[in-house]
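Colleague: Position chains B and C against the provided structure of chain A, taking the given hints into account.
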Amino acid sequence: MTGFFTYATKHWGRMLELLLQHLEIVGIVLGISICFAIPIGYLLTHSKIASAFVIGLFSVLYAVPSLAMFAILLRFTGLGMKTAVIAISIYAQYILLRSVTAGFSSVESSVLEASRGMGLGKAEILFRIQFPLAAPVFLSGIRIATIASVGLAAIASTIHSGGIGDLLFEGINNLYPVKIVWGVILSSGLAFALNFGLGKAERYLTKRAHP
Amino acid sequence: MSKPGLDTLLLGTLEYIDTHQAAFLAAIQRHLLLFVIVLLISVAIGVPLGMASAKRPIFSAWALNIFSALKMIPSLALLMVFIPILGVGFLPAMIALIVHALPTILINTYTGYSQIDEAILENATAMGLTEREILWRVETPLALPLIFSGLRTSSVDIIATTTVAAYIGAGGLGEFVIVGITNMNSVIMLAGSLTVAAIALIVDFIFSLLQRRLIRYQIA
Amino acid sequence: MAGKIIEIRGVSKQFKNAQAYAVDHVSIDVSRGDFITIMGTSGSGKTTLLKMINRIHELTDGNIFFEGQNIHDLKVEAYRKKIGYVIQQIGLFPHMTVAENIAVVPKSLHWGKDRIAARASELLSLVHLEPAIYKDRYPSQLSGGQQQRVGLARALAADPEIMLMDEPFGAIDAITRQVLQDELLAIHRKTGKTVLFVTHDLHEAFRLGDKVIIMNEGRVQQYDTPYNILFHPANGYVAKLVASEDIIEKLKVLRADSISTPVQVTPDGRVPRVLANAPLSAVLGKFMETGAPQIYVEDAQGRIEGSILWNSLQSIASLRTEGAEYFV
Chain A
1 MTGFFTYATK
11 HWGRMLELLL
21 QHLEIVGIVL
31 GISICFAIPI
41 GYLLTHSKIA
51 SAFVIGLFSV
61 LYAVPSLAMF
71 AILLRFTGLG
81 MKTAVIAISI
91 YAQYILLRSV
101 TAGFSSVESS
111 VLEASRGMGL
121 GKAEILFRIQ
131 FPLAAPVFLS
141 GIRIATIASV
151 GLAAIASTIH
161 SGGIGDLLFE
171 GINNLYPVKI
181 VWGVILSSGL
191 AFALNFGLGK
201 AERYLTKRAH
211 P
Chain B
212 MSKPGLDTLL
222 LGTLEYIDTH
232 QAAFLAAIQR
242 HLLLFVIVLL
252 ISVAIGVPLG
262 MASAKRPIFS
272 AWALNIFSAL
282 KMIPSLALLM
292 VFIPILGVGF
302 LPAMIALIVH
312 ALPTILINTY
322 TGYSQIDEAI
332 LENATAMGLT
342 EREILWRVET
352 PLALPLIFSG
362 LRTSSVDIIA
372 TTTVAAYIGA
382 GGLGEFVIVG
392 ITNMNSVIML
402 AGSLTVAAIA
412 LIVDFIFSLL
422 QRRLIRYQIA
Chain C
432 MAGKIIEIRG
442 VSKQFKNAQA
452 YAVDHVSIDV
462 SRGDFITIMG
472 TSGSGKTTLL
482 KMINRIHELT
492 DGNIFFEGQN
502 IHDLKVEAYR
512 KKIGYVIQQI
522 GLFPHMTVAE
532 NIAVVPKSLH
542 WGKDRIAARA
552 SELLSLVHLE
562 PAIYKDRYPS
572 QLSGGQQQRV
582 GLARALAADP
592 EIMLMDEPFG
602 AIDAITRQVL
612 QDELLAIHRK
622 TGKTVLFVTH
632 DLHEAFRLGD
642 KVIIMNEGRV
652 QQYDTPYNIL
662 FHPANGYVAK
672 LVASEDIIEK
682 LKVLRADSIS
692 TPVQVTPDGR
702 VPRVLANAPL
712 SAVLGKFMET
722 GAPQIYVEDA
732 QGRIEGSILW
742 NSLQSIASLR
752 TEGAEYFV
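Residue numbers (our numbering), protein chains in the order written: chain A, 1 to 211; chain B, 212 to 431; chain C, 432 to 759.
Simulated from the structure, these hints should not be mistaken for lab results. A quick note: this is a predicted structure, and the numbers were derived from the prediction, not measured. One or more hints might be untrue.
To be verified - Listed below are the simulated DSS-like cross-link pairs for lysine-lysine, each with C-alpha atoms no more than 30 Å apart in a straight line:
1. C:Lys538 - A:Lys122
2. C:Lys513 - C:Lys566
3. A:Lys122 - C:Lys717
What the hints assert, rightly or not - Here are a few chain C residues that sit away from chain A, every Cβ distance over 10 Å (derived from the structure):
4. Ile436
5. Ala451
6. Ile521
7. Ser539
8. Ala548
9. Ala549
10. Pro562
11. Ala563
12. Lys566
13. Ser574
14. Gly582
15. Arg585
16. Ser675
17. Glu729
Claimed, not checked - Just the calculated beta-carbon pair ranges, DEER-fashion:
18. A:Asn173 - B:Ile277: 23 to 33 Å
19. C:Thr491 - B:Ala263: 57 to 67 Å
20. B:Gln422 - A:Leu16: 42 to 52 Å
21. C:Ser571 - B:Gly339: 35 to 45 Å
22. C:Ile564 - B:Gln422: 46 to 56 Å
By construction, the Cβ of each residue, glycine as well, lies at the ideal position given by its N, Cα and C atoms.
Next up, chain A with everything else stripped away, as it sits in the complex (with noise of 0.2 Å):
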């Protein structure tokens, strides 16, 4: 028991590194998910057709088990970080791209009817009608998408791609609890924090969008 509270107080540095390679993942790999994911989410709510395929096409990815997504990928792209964030953006993708065309479908066709009868141009729309109304409904989307990346960056560190996961694989490749343990609890720690900070920006954007 006290060997738990020592190993924190002796490799505390390291646990914070490996936290920090952890959050660097999951934000790069949402970065760039969320860049990709509004925009091309906003062209599919133009067509049924390309919707249902690219969603479709991504769905068929978000099925591959994600430790053989990262073996297949490290053919092209190598061991590290890199390969992880293109792995973890696959799933992310997916998430995202569903999240995106349900929040733009979920604004009321009427407001959209008396916005374009009103004479406002498409980026006006876009920004001041839809963006607010649709938010709640992306922040959703990008809580869940944040938490899966946290678990799956958790796997990829056996490409050795850094963070958290590397406390809980020499944890129990050195027959060492301890590091299991804090393996855990910073992995489901962060997951928790970060739920819990995107869940209050989601409770605060519905408010603004129904008051």
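Modeller: Chains B and C in isolation, oriented as in the chain A frame:
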């Protein structure tokens, strides 16, 4: 790591599978076994619990909170957390997988039952149907699509996490992937990855077909 | 040409994958300041026609001219901002307050903050919603009738020349609808704007319109005053449509000012009076109540603008509807 051409690689992979048939088949069997057991147990616990929570709001409040929290725990962490207590092997993997899959199935079942329009239930009661009849003839058919989509998502997830469970000695196709990564052997790595990906895609496809049949039956 | 705000020339609309024309070679002129109602059953093309005017639907054939310019040559968004558009489902922006909703087009036109605030208050008063109370409310806090009033105010915000209204009171309860119709007429009188109002309700069409367009199967069946449509239907379809109306019903949908002769007199306390927009059935009631031979028609301010003689009313009532022979 040598980088042979893609076609030679794929040929090499097939060759490898061919020469290691016994081990491969055993891995597939172990993988599917874990998948089916975990799915069945999760459904056996999750669906009744989900249904019960939907009917009793007091129960549902804390049940939902606990299971939503469980859902957020990284799968790798769940797999490893039982090691200090249960060691490595099939059993801890199975338990961890159940804990991982249960929340999704339970929450989907709960949502499936609780999203049913009150008006429909009122109507059914007014028509004179008994509680039992309403449950089986009205509520369950209406909840089924969501329960089913939970099953589909969970299944794909279980197969994926089972792959990772090879790290804690559960066996399965993940072993090939791990060996491949550790030894920088593309052939072994691909043998495991492509096979497990294929299995996951097939299972997902089967579920999507069943879903379509289910919806058709619903509309009719 | 002067006074014609909208000219619709040979306009047709055929939707993709549809055989039939939704709107079939329609030609209509709308004079500035008129209140035109467009009436028809569902599928008659009335809403499609309306939506072609503000280019929600593009024309398959023909031309529409707004103040002499072909609307196709105008920049569509700038054009639409000159038109007030009110729809049945209202479509208020849920994330904006009432004042912010009204301010949308003025803001887009870069009006100053103060001007916008003043305009919002002015319009809220116009639609009988106390500005101090309602300007910071959200749509979810309003009743259906209140929401549509805000919708109307929003459409009037940038002071458009013309209002397009697509069954705006369709989702409102019957009692509120009556009130809103009266208020709309009052606003029309006050502002002099041109209004095109689509409805499937015969009574609403006749009660509100200076002129009525009857549509069926994409074609204009008759475009005339309510009086002419009721008593001189142009064809069998219109005749059948109005035939179901017995004389009392007909009197209900005609306004006092549609048959009054203009006069200029000072009010005589003994001659009974009715409001200009009172239905003829009320005029009839007044005649029967008072036994007077003549009734004055007064405007909202109490000034006498016309007079109706009992004989005139009686001759109208006894008028046999032409075209009665069109149906069995």
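Colleague: Hint by hint, work out which the structure violates, then give me just those numbers in ascending order.
Modeller: 3, 6, 7, 14 and 15
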